[in-house]
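**Q** Spelled out from the first residue to the last, the chains are:
2 protein chains.
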Amino acid sequence: MRILVLGGDGYLGWPTALHLSQCGHDVAVVDNFARRQYDFELGVESLVPIEPLQTRVAAWQSLTGRSLGTYVGDLTEADFTHHIIADFRPDAVVHFAEQRAAPYSMIDRKHAVYTQVNNVVGTLNLLYAIADLGRDIHLVKLGTMGEYGTPNIDIEEGWLDIEYKGRRDRVLYPKRPGSFYHLSKVHDSHNIEFACRIWGLRATDLNQGVVYGQQTPETTLDDRLATRFDYDAVFGTVLNRFVIQAVLGHPLTVYGDGGQTRGIIDIRDTVRCIQLACENPADRGEFRVFNQMTESMSVKQIAETVAECFPGDVRIDHLANPRVEREEHYYNVTHTRLLDLGLTPHLLSDTLITSLFEVAKRYAHRVRAESMRPTVNWRAAASPTNEAAPGTEGGA
Amino acid sequence: MRILVLGGDGYLGWPTALHLSQCGHDVAVVDNFARRQYDFELGVESLVPIEPLQTRVAAWQSLTGRSLGTYVGDLTEADFTHHIIADFRPDAVVHFAEQRAAPYSMIDRKHAVYTQVNNVVGTLNLLYAIADLGRDIHLVKLGTMGEYGTPNIDIEEGWLDIEYKGRRDRVLYPKRPGSFYHLSKVHDSHNIEFACRIWGLRATDLNQGVVYGQQTPETTLDDRLATRFDYDAVFGTVLNRFVIQAVLGHPLTVYGDGGQTRGIIDIRDTVRCIQLACENPADRGEFRVFNQMTESMSVKQIAETVAECFPGDVRIDHLANPRVEREEHYYNVTHTRLLDLGLTPHLLSDTLITSLFEVAKRYAHRVRAESMRPTVNWRAAASPTNEAAPGTEGGA
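Protein chains in written order, with the numbering used here: chain A, 1 to 396; chain B, 1 to 396.
Treat the hints as calculated values from the structure; they're not laboratory data. Check the hints yourself; a few may be wrong.
Claimed, not checked - Computed list of lysine-lysine pairs in DSS-like fashion (alpha-carbon distance at most 30 Å, straight line):
# : chain 1 : residue 1 : chain 2 : residue 2
1 : A       : Lys300    : B       : Lys165
2 : B       : Lys110    : A       : Lys165
3 : A       : Lys165    : B       : Lys361
4 : B       : Lys300    : B       : Lys361
5 : A       : Lys110    : A       : Lys165
6 : A       : Lys110    : B       : Lys110
Looking at chain A on its own, in the form it has when it is part of the complex:
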């Protein structure tokens, strides 16, 4: 298949592009390097050094003989989005190209607006390009489990069969997300479902859990193929951050009681899930949703698992929770559709965590410990006149 990976220079986009290429698909990567730019803005960087996209692509070519196309540009520019679809003529488009950090979206008004405009407009432009150029192109869109919030009923896969006052309907699962970022994904999902309905597009919305891990069989072939490993309080996901804190001898910082539960998934399963979604496309006009996670754990459980696995003393500290979220809640998620397609999950294991400790130790000299302290508070807002100047606002 011909597969276009939008956001293909990022933490998950890059390993996904490699995996799809390794599986024999004809892959091109699209990116505007916004993710690398956020690093400059926030004064942080990936723990594991990453190469420029051109170097990565050349290394992949020299190691495997497989080529990856590249397009550099921004999906919010409609002409560019139209061009990449017209030029590459993909069978499937995998769409990672969104601002993806909840804390980043909550820094202040400007970051909230940026996140929603960037994500929603990029996706709208993509929907129009597909509608204009090839309505059979399968859109595989990355969403997040965080869109659902923590309802007191089971979380189903995107749709809910309900009975109400003796009548029945199948409705979009009602969501109650926890940040302006998560909200942007909910907006996307609504827009995509509508596009499927009016234009007969094919779409798979992957509501992904928190991803952990840094290595896939493809990225470990060569250091030049490494993907990002973020541990800062804005872009770092919780398990990766705990691993680095353990290695540095810092306490693991749990927000609040740590009872808040997350769906989680190993990075190796992420790339496999995307492959399965691409190779088994949605029907014409179908908006289908998969919950792309393999198990649920509370933040406290994740911290305890990392601590137990670490060969040495680890302390767990509870910080005031900067987010507004329930810390004790029901959480039961249906996630069978990817299993039905053939996913064999890597559940969180000591082996994986130990391998992450090795990565963290190798690059421990690169850690900026201060960047792990949470600085974005959900309860604050920021007036235009108080907004920090560019370059200083990130962690202020």
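With chain A fixed as given, assemble chain B onto it according to the hints.
**A** Here is chain B on its own, set in the frame of chain A:
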């Protein structure tokens, strides 16, 4: 109370500002005249001539002795939005200031993106301004019944108490809107509910039915106080358009079978509902939703009602439906909360329709009949390279 009416120069914003002023509130109007600009773009205009805002305000002052403040600017400019809240210090903000026509949002990609960015960013800026400057300011936001779509279960007021697999929750009512415009309102509602949750804001989301009528007790005091009367296929609402078609001796144009059912409301009830919402604010942290409609009718029933009322022959024509929507569906809407606050509805009556015939006859010489033909097709898309040049795209 001090009440700021955003979009206060528009079809409903203007009569609402007058009504609130008449009730003794201290009112200021905010507008960027986008609605007047759409007329130039589409080559249409209000059937009833409307005065510039400055003339309207001066007329109201000279007739009643009551003054209306004015601010001219765009809510998508954060500094402006912050300024109007800081300067006027409202107790309530009534927010009409959005692009509000489904067909306009469906013209092409550019209009879809414009509608969502304009509506979502304006509202985000407003939420931040309120969070920064006064979290007790009550936001009264105009939404639409079209957000719900046509579910096979009863439509409740914004929230739904469900039982699922033996567990219970109260969830945001799952919506399935029918245009990129309607979707923008769904995005707004999600953003506002979140702002109430994290910042403790007070918000009332008014999901309004299709409004008909053109006169309120205040606007009829003087011709200079008249509000818009739109009848074109983009901004004209269905009943108003049928009235003009009847007066002109044209067939009433029903899309498809006409079985699609709408919640409807008289313009006099709209202004009263806004007053009731303002005078009975939401609690701190509460996101409440009222279904602002007084009865349900199918499009065919509306056409038949207008035809029966007209003193002369009227033909009803069925056009191919340019929208993607169900033409036969269940539709049962709960709308008791505004009644509980004291609304006494004006149900659709021969008297109202007859008075609209008089308005239409008086200005029949101004009608541009060609603008009533639907030109926007939901099933089409429009690539960037095919997008019409500014000024010609509206009805193309």
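**Q** If a hint holds in the structure, say so; if it doesn't, say that too.
**A** Status of the hints after comparison with the structure:
1. A/Lys300 to B/Lys165: holds (28 Å)
2. B/Lys110 to A/Lys165: Not OK: B/Lys110 and A/Lys165 at ~41 Å, beyond 30 Å, violated.
3. A/Lys165 to B/Lys361: violated (47 Å)
4. B/Lys300 to B/Lys361: holds (23 Å)
5. A/Lys110 to A/Lys165: Not satisfied, since the Cα-Cα distance of roughly 44 Å exceeds 30 Å.
6. A/Lys110 to B/Lys110: holds (23 Å)
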